[in-house]
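K.L.:
As a plain string of letters, each chain reads:
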Amino acid sequence: MSAGWEVVIGLEIHTQLATRSKIFSGASTAYGAEPNTQACLVDLGYPGVLPVLNKEVVHMAAMFGLAVDATVAPRSVFARKNYFYPDLPKGYQISQYELPIVEYGELFITDEEGEEKRIGITRAHLEEDAGKSIHEGLDRSSGIDLNRAGTPLLEIVSEPDLRSAKEAVAYMRKIHSIVRYLGISDGNMQEGSFRCDANVSVRPSGQEELGTRAELKNLNSFRFVEKAINFEIERQIDLIEEGGKVVQETRLYDSDKDETRPMRSKEEANDYRYFPDPDLLPVEISAEYIETVRQQLPELPDAKRHRFIDEYELKPDDAAILTNSRAVADFYEATVAATDAKPQLVANWVVGDLSGALNRDGLDIAESKVSSDALAGMLTRVADNTISGKIAKQVFEAMWDGEGSADEIIEAKGLKQITDSSAIEAAVDKVIEANPGQVAEYKAGKDKLIGFFVGQVMKETRGQANPGQVNQILKQKLKP
Amino acid sequence: MMDTHSKSMTELTAGLEKGEFTSVELTAGLLERVEAHDEKLNAFVTVTADAALDAARAADAARAAGNVGVLNGLPIVHKDIFCTRGVKTTCGSKMLDNFISPYDATVVERLAAAGAVVLGKANMDEFAMGSSNETSFYGPVSNPWNLECTPGGSSGGSAAAVAARLAPAATGTDTGGSIRQPAALTGTVGIKPTYGRVSRYGMIAFASSLDQAGVIARTAEDAARVLGVMAGFDERDSTSIDHPVPDYVAGIGESIKGLKVGIVRQHFDEGLDAACGERVKEAIAVIESLGAEAVEVDLPNIDYSVPTYYVVAPAECSSNLSRFDGVRFGHRAEDFEDLRDLYCRSRGEGFGDEVKRRIMTGTYVLSAGYYDAYYLKAQQVRHLIADDFKKAFADVDVIAGPTAPTPAFRLGEKVDDPITMYLNDIYTIGANLAGLPAMSVPCGFVDGLPVGLHLVGHHFEEQTLLRFAHQYQQVTDWHTACPEAFA
Amino acid sequence: MSLSKDQVQHIAMLARLELSEEEYAESVKKLSKIVDFVDHLSEADTEGVVPMAHPLDVAQRLRSDAVIEADERDRYQQNASSVSGGLYLVPKVIE
Chain A
262 MSAGWEVVIG LEIHTQLATR SKIFSGASTA YGAEPNTQAC LVDLGYPGVL
312 PVLNKEVVHM AAMFGLAVDA TVAPRSVFAR KNYFYPDLPK GYQISQYELP
362 IVEYGELFIT DEEGEEKRIG ITRAHLEEDA GKSIHEGLDR SSGIDLNRAG
412 TPLLEIVSEP DLRSAKEAVA YMRKIHSIVR YLGISDGNMQ EGSFRCDANV
462 SVRPSGQEEL GTRAELKNLN SFRFVEKAIN FEIERQIDLI EEGGKVVQET
512 RLYDSDKDET RPMRSKEEAN DYRYFPDPDL LPVEISAEYI ETVRQQLPEL
562 PDAKRHRFID EYELKPDDAA ILTNSRAVAD FYEATVAATD AKPQLVANWV
612 VGDLSGALNR DGLDIAESKV SSDALAGMLT RVADNTISGK IAKQVFEAMW
662 DGEGSADEII EAKGLKQITD SSAIEAAVDK VIEANPGQVA EYKAGKDKLI
712 GFFVGQVMKE TRGQANPGQV NQILKQKLKP
Chain B
39 MMDTHSKSMT ELTAGLEKGE FTSVELTAGL LERVEAHDEK LNAFVTVTAD
89 AALDAARAAD AARAAGNVGV LNGLPIVHKD IFCTRGVKTT CGSKMLDNFI
139 SPYDATVVER LAAAGAVVLG KANMDEFAMG SSNETSFYGP VSNPWNLECT
189 PGGSSGGSAA AVAARLAPAA TGTDTGGSIR QPAALTGTVG IKPTYGRVSR
239 YGMIAFASSL DQAGVIARTA EDAARVLGVM AGFDERDSTS IDHPVPDYVA
289 GIGESIKGLK VGIVRQHFDE GLDAACGERV KEAIAVIESL GAEAVEVDLP
339 NIDYSVPTYY VVAPAECSSN LSRFDGVRFG HRAEDFEDLR DLYCRSRGEG
389 FGDEVKRRIM TGTYVLSAGY YDAYYLKAQQ VRHLIADDFK KAFADVDVIA
439 GPTAPTPAFR LGEKVDDPIT MYLNDIYTIG ANLAGLPAMS VPCGFVDGLP
489 VGLHLVGHHF EEQTLLRFAH QYQQVTDWHT ACPEAFA
Chain C
20 MSLSKDQVQH IAMLARLELS EEEYAESVKK LSKIVDFVDH LSEADTEGVV
70 PMAHPLDVAQ RLRSDAVIEA DERDRYQQNA SSVSGGLYLV PKVIE
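Chains as they are written, first to last, in our numbering: chain A, 262 to 741; chain B, 39 to 525; chain C, 20 to 114.
Incorrect hints may appear among the rest.
[Said to hold, decoys possible] Footprint (simulated), chain C over chain B, 3 or more residues, beta carbon under 8 Å: (1) 361-367; (2) 383-389; (3) 401-408; (4) 417-430; (5) 452-463.
[To be verified] Computed spacing ranges between beta-carbons, pair by pair: (6) 624(A) <-> 93(C): 36 to 46 Å; (7) 78(C) <-> 99(B): 28 to 38 Å; (8) 48(C) <-> 451(A): 19 to 29 Å; (9) 654(A) <-> 105(C): 20 to 30 Å; (10) 397(A) <-> 93(C): 46 to 56 Å; (11) 295(A) <-> 55(B): 50 to 60 Å; (12) 93(C) <-> 453(A): 25 to 35 Å; (13) 470(A) <-> 372(B): 45 to 55 Å; (14) 293(A) <-> 55(B): 35 to 45 Å; (15) 545(A) <-> 59(C): 26 to 36 Å.
Quick caveat, the hints were computed from the structure, so don't treat them as lab data. Glycine residues also receive a C-beta, built at the ideal position from the N, C-alpha and C atoms.
Pulled out of the complex, with its shape left as it was, chain A reads as follows (with noise of 0.2 Å):
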């Protein structure tokens, strides 16, 4: 980005929350029906129904605002939103205008020089999602399925705090970090379940007043929101430094050209003539209430991530990965119950080999091929030293390939570590035997070779050997 300039980034999130049934009427919310076959009388809009709260929604969003350390408002009020879109059966969105359920939150990210930064949540309210417009396949017409016309809405809007694209899609990962840990929402930005807004305007640096800003919609992925928030700032930049003005505008971001454009078919501004919904009473949440909640919220990312650092010695980074899935976590902590090898031991298997498996394989961890059990089994006999470490990576891919339990596949194919001294002393001596001119060059001063005779010495003993007595055992016979 060019110098002299500042970028003021806020995001807002729109993320369907994963209950059983609609915010405002009793048909599924389940992906991928056939169309218009979950859309009963209220989301289509007829004439004479009317909405009734579903009340797991207002428990997901106070669990969200419990989370970011926000307000729940005791008192918040469900507004019309008017304007004409045939993905809009009423005519009207009913959301939350002017007393939104959730304000006043915080996060913290780790920006660009490692520290720690706070980004302020304006709000957060409770809406319903529209529904599907498709063109494809159709001649002059566009096919309206009602299907997720009422799947609830949890708008997530940001402070305009964000400074880089990587600021925001740090601060996008956590959310969609908390959303995830705390269950109510898949966070699945493929089926639309996570969509996110970005508005971006730029400034002279020092300069208070904020710029023009136009907003980018369309942005289903991390990659693409960073993409398209650089392409937009740079776009501003070299707008304005070209003596253009930038026009406050929706712009889709487009990932085929990576660029951004303008919608084509925003006429003018709507005037959404928000008013209280009369159909809906204010939604009243006691103190008692959010307390209950509070008591069952389970822990979240950030304090998972400090308690690892804490009680499991973790490195930092460790931490960060293993608790950045709540799935993960468990699984991480799970097997660490399990098994008498260190946690960090049982870290750096989980993040790497593990890890390297599941992606591998395209797997969830739910899908992983080796239970937190199976897993501990084996790091039990790394850390007895049964087996060593590069062994165990042997006896991982067996299991992988559903062998068996880790002392199976040691039995059957004899992979237990030799550790009888006499053994491995009878092994030493026949690669010193063996290699008489290295042998020479180390008693002369050439350490670094002792790696080539710990080779040597582990491929006589195919690999079993444990690596620690050879190392013991060699420096002992190649004292000069």
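With the hints as your guide, set chains B and C onto chain A.
P.N.:
Here is chains B and C on its own, set in the frame of chain A:
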């Protein structure tokens, strides 16, 4: 013996019980009357003769089996604003001329479960917007007392049907007076309960915070009977209140001695037709003779009620009617070039002038720059009006006055000036703004046209209103008068 | 206060209502009258008065998170003029 068509529901039930006639006979008789007379009135949009006879047969069978609901075998008419499954539900509008509802409104379900027989759907002002039943796509309704006059609106068809003895009772809805004002103009009893007393599920919405379903009948006792079936909590309506429903019929006999009746100082002014005023004062004198005490009350902000209403109701309806766009149901234009055209033409063609006017008024008062001055202001004034009533009700049990400022006016007389039309609701609107129960009771005639006495009660005190009305009807016989042409 | 034709056109557009020239003329006249009438509200003293959105002073009731609606698409779509493959059809919308 009185012809069955003039009998009250109480009398009809007694007759059915004694086996003097069957529901099938009763229903067939009324269907014949509808056939013979509705041409003059145009009170019906749809007559459901076959279904009615089926229901009558089923009611007779149920009665024989000892299974007798409160309204067993009694014919009624539903205002065409209530969704009736499998039956055209038009709301008096071209927009819904082709709409067959896939579901029943709660009110429809409850009356059916109690054994009522539905003769058909009553004509109404389009989307309940009007005070004369002249805005209906299906043409105006005539007043049985004078066919050149309006029956009032928006529940004009319901009121005309009951007054002409085509049915003993009809459901209606009331947003600014749409049950009470037509009841007054047709010499029938009309009650609008407390907001939240009756479910709005299946009742096509006009102004959501004002609409309430109610009933028009010829006696307070009949109104009590039907209301008792309609009322009660419905989980499908978030604005439905979970408050126990008393046995209204059992309670109407209690004396009103010692109860206080508030007379609003502001009501008896030059806006009220003098002769109407006289009838109402006479009615109040009768009530005093029954032992109630008349007390003057003050509703200082009551003059703002009509302008308040004409901000709030259009605002809410402008939003409620946005769902009518030709896409999923209702009228769809045939000629359109793009999406905007589809919407604009479907809605332009489907809605009548008054509806379009109210949608535009509502859009205006909610629009950017005007919201504070109009909508927000109106909701504040609404609060003032509600507080006025609260204060007055600290001292009285019921507030009495005229229902309408004039008797029935001629068809076409007030259609040109919206404000003149709106002022028909000057006495009734306050109760809707405050959510209070209110009813109109026939209390005399002026030049052969009926006049109504308006009664407003505390929240959830429908029982008190019905009691006052019933006691009044025990010592007067205005409610038994029948328009000559329909005797 | 009189409304201009431009204002009425804007309102009609927001409300997606197509009006003929005569209807516009009528609307300008009648809407202006209505606005004049409701302008009287400005005379009321509402200092510090809380707006009343509902006649009831009650909180929103909550329903349990259960799926109770079954697929009735075919029955509901009998009311739609233009349907294909279960989808409601409208003129193509370009984003």
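K.L.:
What hint numbers does the structure not satisfy?
P.N.:
Numbers 7, 8, 9, 10 and 14, in rising order.
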